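S.K.: Residue numbers (the working numbering), protein chains in the order written: chain D, 1 to 323; chain F, 324 to 646.
Worth flagging that the hints you see were computed from the coordinates, not collected in a lab. Bear in mind that the values here come from a model prediction, so they are computed numbers and not experimental data. Hints are not guaranteed to be accurate.
Listing some non-contacts, in silico: residues in chain F with all C-beta distances to chain D over 10 angstroms [unchecked claim]:
id, residue
1, E329
2, S333
3, D361
4, D390
5, G407
6, K423
7, G533
8, E553
9, D587
10, L610
11, R627
12, E635
Partial chain F-side listing against chain D, Cβ under 8 angstroms, derived [what the hints assert, rightly or not]:
id, residue
13, D359
14, K412
15, K415
16, N435
17, I437
18, G438
19, T492
20, D499
21, L503
22, I520
23, V521
24, E523
25, N526
26, E527
27, Y591
28, W644
Below are the DSSO-like pairs computed for lysine-lysine, each with C-alpha atoms no more than 27 angstroms apart in a straight line [what the hints assert, rightly or not]:
id, chain 1, residue 1, chain 2, residue 2
29, D, K183, F, K524
30, D, K41, F, K456
31, F, K370, D, K28
32, F, K415, F, K481
33, F, K370, D, K159
34, D, K133, F, K415
35, F, K524, D, K28
36, D, K96, D, K157
37, D, K41, D, K60
In this text, a Cβ means the ideal position worked out from N, Cα and C, and glycines have one as well.
Here's the letter readout for the chains.
2 protein chains.
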Amino acid sequence: MVDFSEKIFSKINEIQNPSVVGLDPRAKTLPSCVLDEDPEKLDDEEKLKVLALGIERFNKEIIENIDGIVGIVKPNAAFYEALGEYGIKALKETCKFAKKKGFIVIADGKRNDIGSTAEAYAKGWFGELGFGKCVDALTVNPYLGFDTIKPFVHYLKKKSKGIFVLVKTSNPSSKDFQDLDVKIEEDGNKTKKLYEIVAEKTNEWIEVEGLEGEGGYSPIGAVVGATYPEELAILREKMPHSIFLIPGYGFQGGKAEDVALGFDENGYGAIVNSSRGIIYAYQKLDLPEEKFGEAAKIAAVNMRKDILSALEKHNRLPKGWKI
Amino acid sequence: MVDFSEKIFSKINEIQNPSVVGLDPRAKTLPSCVLDEDPEKLDDEEKLKVLALGIERFNKEIIENIDGIVGIVKPNAAFYEALGEYGIKALKETCKFAKKKGFIVIADGKRNDIGSTAEAYAKGWFGELGFGKCVDALTVNPYLGFDTIKPFVHYLKKKSKGIFVLVKTSNPSSKDFQDLDVKIEEDGNKTKKLYEIVAEKTNEWIEVEGLEGEGGYSPIGAVVGATYPEELAILREKMPHSIFLIPGYGFQGGKAEDVALGFDENGYGAIVNSSRGIIYAYQKLDLPEEKFGEAAKIAAVNMRKDILSALEKHNRLPKGWKI
Numbered sequence: 001m002v003d004f005s006e007k008i009f010s011k012i013n014e015i016q017n018p019s020v021v022g023l024d025p026r027a028k029t030l031p032s033c034v035l036d037e038d039p040e041k042l043d044d045e046e047k048l049k050v051l052a053l054g055i056e057r058f059n060k061e062i063i064e065n066i067d068g069i070v071g072i073v074k075p076n077a078a079f080y081e082a083l084g085e086y087g088i089k090a091l092k093e094t095c096k097f098a099k100k101k102g103f104i105v106i107a108d109g110k111r112n113d114i115g116s117t118a119e120a121y122a123k124g125w126f127g128e129l130g131f132g133k134c135v136d137a138l139t140v141n142p143y144l145g146f147d148t149i150k151p152f153v154h155y156l157k158k159k160s161k162g163i164f165v166l167v168k169t170s171n172p173s174s175k176d177f178q179d180l181d182v183k184i185e186e187d188g189n190k191t192k193k194l195y196e197i198v199a200e201k202t203n204e205w206i207e208v209e210g211l212e213g214e215g216g217y218s219p220i221g222a223v224v225g226a227t228y229p230e231e232l233a234i235l236r237e238k239m240p241h242s243i244f245l246i247p248g249y250g251f252q253g254g255k256a257e258d259v260a261l262g263f264d265e266n267g268y269g270a271i272v273n274s275s276r277g278i279i280y281a282y283q284k285l286d287l288p289e290e291k292f293g294e295a296a297k298i299a300a301v302n303m304r305k306d307i308l309s310a311l312e313k314h315n316r317l318p319k320g321w322k323i
Numbered sequence: 324m325v326d327f328s329e330k331i332f333s334k335i336n337e338i339q340n341p342s343v344v345g346l347d348p349r350a351k352t353l354p355s356c357v358l359d360e361d362p363e364k365l366d367d368e369e370k371l372k373v374l375a376l377g378i379e380r381f382n383k384e385i386i387e388n389i390d391g392i393v394g395i396v397k398p399n400a401a402f403y404e405a406l407g408e409y410g411i412k413a414l415k416e417t418c419k420f421a422k423k424k425g426f427i428v429i430a431d432g433k434r435n436d437i438g439s440t441a442e443a444y445a446k447g448w449f450g451e452l453g454f455g456k457c458v459d460a461l462t463v464n465p466y467l468g469f470d471t472i473k474p475f476v477h478y479l480k481k482k483s484k485g486i487f488v489l490v491k492t493s494n495p496s497s498k499d500f501q502d503l504d505v506k507i508e509e510d511g512n513k514t515k516k517l518y519e520i521v522a523e524k525t526n527e528w529i530e531v532e533g534l535e536g537e538g539g540y541s542p543i544g545a546v547v548g549a550t551y552p553e554e555l556a557i558l559r560e561k562m563p564h565s566i567f568l569i570p571g572y573g574f575q576g577g578k579a580e581d582v583a584l585g586f587d588e589n590g591y592g593a594i595v596n597s598s599r600g601i602i603y604a605y606q607k608l609d610l611p612e613e614k615f616g617e618a619a620k621i622a623a624v625n626m627r628k629d630i631l632s633a634l635e636k637h638n639r640l641p642k643g644w645k646i
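When you get a sec, could you build the whole thing from the sequences and use the hints?
M.R.: Dropping the structure here:
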């Protein structure tokens with residue numbers, strides 16, 4: 001069986017691009033060209049249907065335009081869930097479409113629960129009856145400890161699936177808890193940041209479960225924000241078996257220079273997400289809204305160039321890749 | 324506008340019972356009487372439909388049976404999400420049905436995200452277009468800090484909604500991170516557990532946002548497991564404005580004696596959840612599966628008696644309540 005990390009690297013190499021496009025369409029700001037009717041003129045139920053179908057169309061056009069440039073998409077569950085059952089259907093259709101085109105699909109759900117409930121999440125996202133046929137990986141929140149992670153391990157080992165554990169997130173208030181100084185038992189004076197402990201513990205789980213693949217990476221990755229480059233460099237050392245999913249590039253202020261520190265010496269080990277910077281690029285490029293797909297393509301090409309240039313500058317451009 | 328905490332207390336007083344029934348039906352173990360066909364004989368799509376409809380029927384019968392005994396239900400999103408769009412529809416129908424009967428509905432989603440994504444969750448669960456008409460409260464994970472909480476505040480202030488922040492969860496591995504010793508800046512030698520810091524910070528957010536209601540409680544509650552009675556007592560002191568949602572009673576080993584410590588001196592400030600202990604009571608009571616509703620009623624009556632007796636023993640039975 002192919003390990004999830006090998007799947008990622010094979011895809012990244014195929015297109016020479018570690019970018020991820022976040023498919024986070026906001027119902028409120030959808031280009032009107034993807035909507036069959038003006039939602040404001042409809043009753044609630046019809047509005048949900050029209051918006052969900054609009055989101056599905058929007059995503060498909062983005063996917064078609066970035067096909068061959070980007071190899072990974074990451075829909076965030078929140079935007080689909082907000083439209084109830086219609087949104088979930090749009091999410092499924094989006095994932096199916098991306099999968100058919102050969103994309104790797106990461107569901108950004110930040111799910112977390114315990115025992116048989118965590119099992120239900122694992123089954124729902126990775127099982128054949130749920131999203132298993134069209135989703136490759138899921139983001140998970142570690143606050144509840146290993147009980148949250150354990151039910152996924154079966155799917156990592158047997159079904160080539162992956163999870164990304166939230167370690168240090170890109171938002172300003174990630175400091176509220178993630179940056180707390182935790183006392184280390186062995187030495188009364190020394191402390192570590194909570195995100196460091198989460199990183200070490202995650203690495204421990206990978207080793208205990210024997211998940212390090214032949215290439216050293218495992219199907220348990222980590223979410224580390226581009227907005228904290230210093231932490232990114234520290235965590236790169238602490239988590240040798242984890243591919244980093246780096247959000248925060250672009251709209252949130254993270255630069256290619258910053259994310260370069262999340263890659264290993266060979267230029268692997270990280271994937272970089274941009275959502276609004278790509279899917280709403282028509283706004284920034286001052287193009288008419290019907291050109292949102294074309295604009296996404298331009299932005300995706302620019303993002304690839306930006307990141308690859310930073311990797312080259314840091315002497316981390318993978319062998320054989322051309323900018 | 325009625326504050327969420329007042330809504331809870333008014334409901335609890337009406338039926339003299341602080342119990343919550345967790346509507347966590349597992350597709351695999353549904354009584355066959357709620358299924359139109361044998362799911363194993365169907366293709367994937369039809370199987371999902373039959374299971375989701377089965378779950379909806381199962382829930383409605385439970386709700387009808389506990390009506391008048393229990394006033395709060397808590398469906399966990401994982402079990403619905405596992406059945407895709409059909410499951411989400413079943414969740415919505417369940418919530419609508421419970422709401423119509425006068426129940427308070429807590430969606431156990433443990434959701435968490437940042438910025439505009441957290442806004443999408445808030446809108447999805449509390450907005451009119453989403454679950455807003457049938458869901459009163461949502462559980463949220465605090466690992467990402469206040470950015471996760473902030474988008475909900477509008478709905479707490481203006482729409483009588485509530486959230487429950489995960490503080491100390493009922494599972495064994497909650498110790499992995501929640502029990503870590505965090506160094507407190509002011510004093511180099513003193514430490515606090517991470518869950519204590521989360522508790523204090525949550526309390527701070529309540530005060531900063533001016534959310535303490537007239538009765539002292541606020542719409543921001545906390546999830547604290549029945550399986551950790553000592554922590555429950557400590558946290559009761561630290562979080563004077565938070566109603567505790569206490570999972571872990573029954574199936575997970577928490578006793579009425581233990582949960583009593585989560586209540587304030589007047590016998591308020593906590594609600595106690597049981598899921599499997601109620602909805603699958605027919606198994607424990609050795610009743611035929613068609614009697615699952617009746618069995619749930621018996622178990623709910625017993626649970627009420629059990630908890631009220633423990634409150635009485637601790638001199639915390641609310642004034643006027645009769646066991």
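S.K.: Decide, hint by hint, whether the structure agrees.
M.R.: Here's how the hints hold up against the structure:
no. : hint               : verdict
1   : E329               : 28 angstroms, holds
2   : S333               : 28 angstroms, holds
3   : D361               : 15 angstroms, holds
4   : D390               : 25 angstroms, holds
5   : G407               : 6 angstroms, violated
6   : K423               : 17 angstroms, holds
7   : G533               : 19 angstroms, holds
8   : E553               : 18 angstroms, holds
9   : D587               : 26 angstroms, holds
10  : L610               : 22 angstroms, holds
11  : R627               : 24 angstroms, holds
12  : E635               : 31 angstroms, holds
13  : D359               : 17 angstroms, violated
14  : K412               : 4 angstroms, holds
15  : K415               : 6 angstroms, holds
16  : N435               : 5 angstroms, holds
17  : I437               : 4 angstroms, holds
18  : G438               : 6 angstroms, holds
19  : T492               : 5 angstroms, holds
20  : D499               : 3 angstroms, holds
21  : L503               : 5 angstroms, holds
22  : I520               : 6 angstroms, holds
23  : V521               : 7 angstroms, holds
24  : E523               : 11 angstroms, violated
25  : N526               : 13 angstroms, violated
26  : E527               : 10 angstroms, violated
27  : Y591               : 27 angstroms, violated
28  : W644               : 32 angstroms, violated
29  : D/K183 with F/K524 : 19 angstroms, holds
30  : D/K41 with F/K456  : 20 angstroms, holds
31  : F/K370 with D/K28  : 34 angstroms, violated
32  : F/K415 with F/K481 : 22 angstroms, holds
33  : F/K370 with D/K159 : 22 angstroms, holds
34  : D/K133 with F/K415 : 25 angstroms, holds
35  : F/K524 with D/K28  : 33 angstroms, violated
36  : D/K96 with D/K157  : 22 angstroms, holds
37  : D/K41 with D/K60   : 25 angstroms, holds
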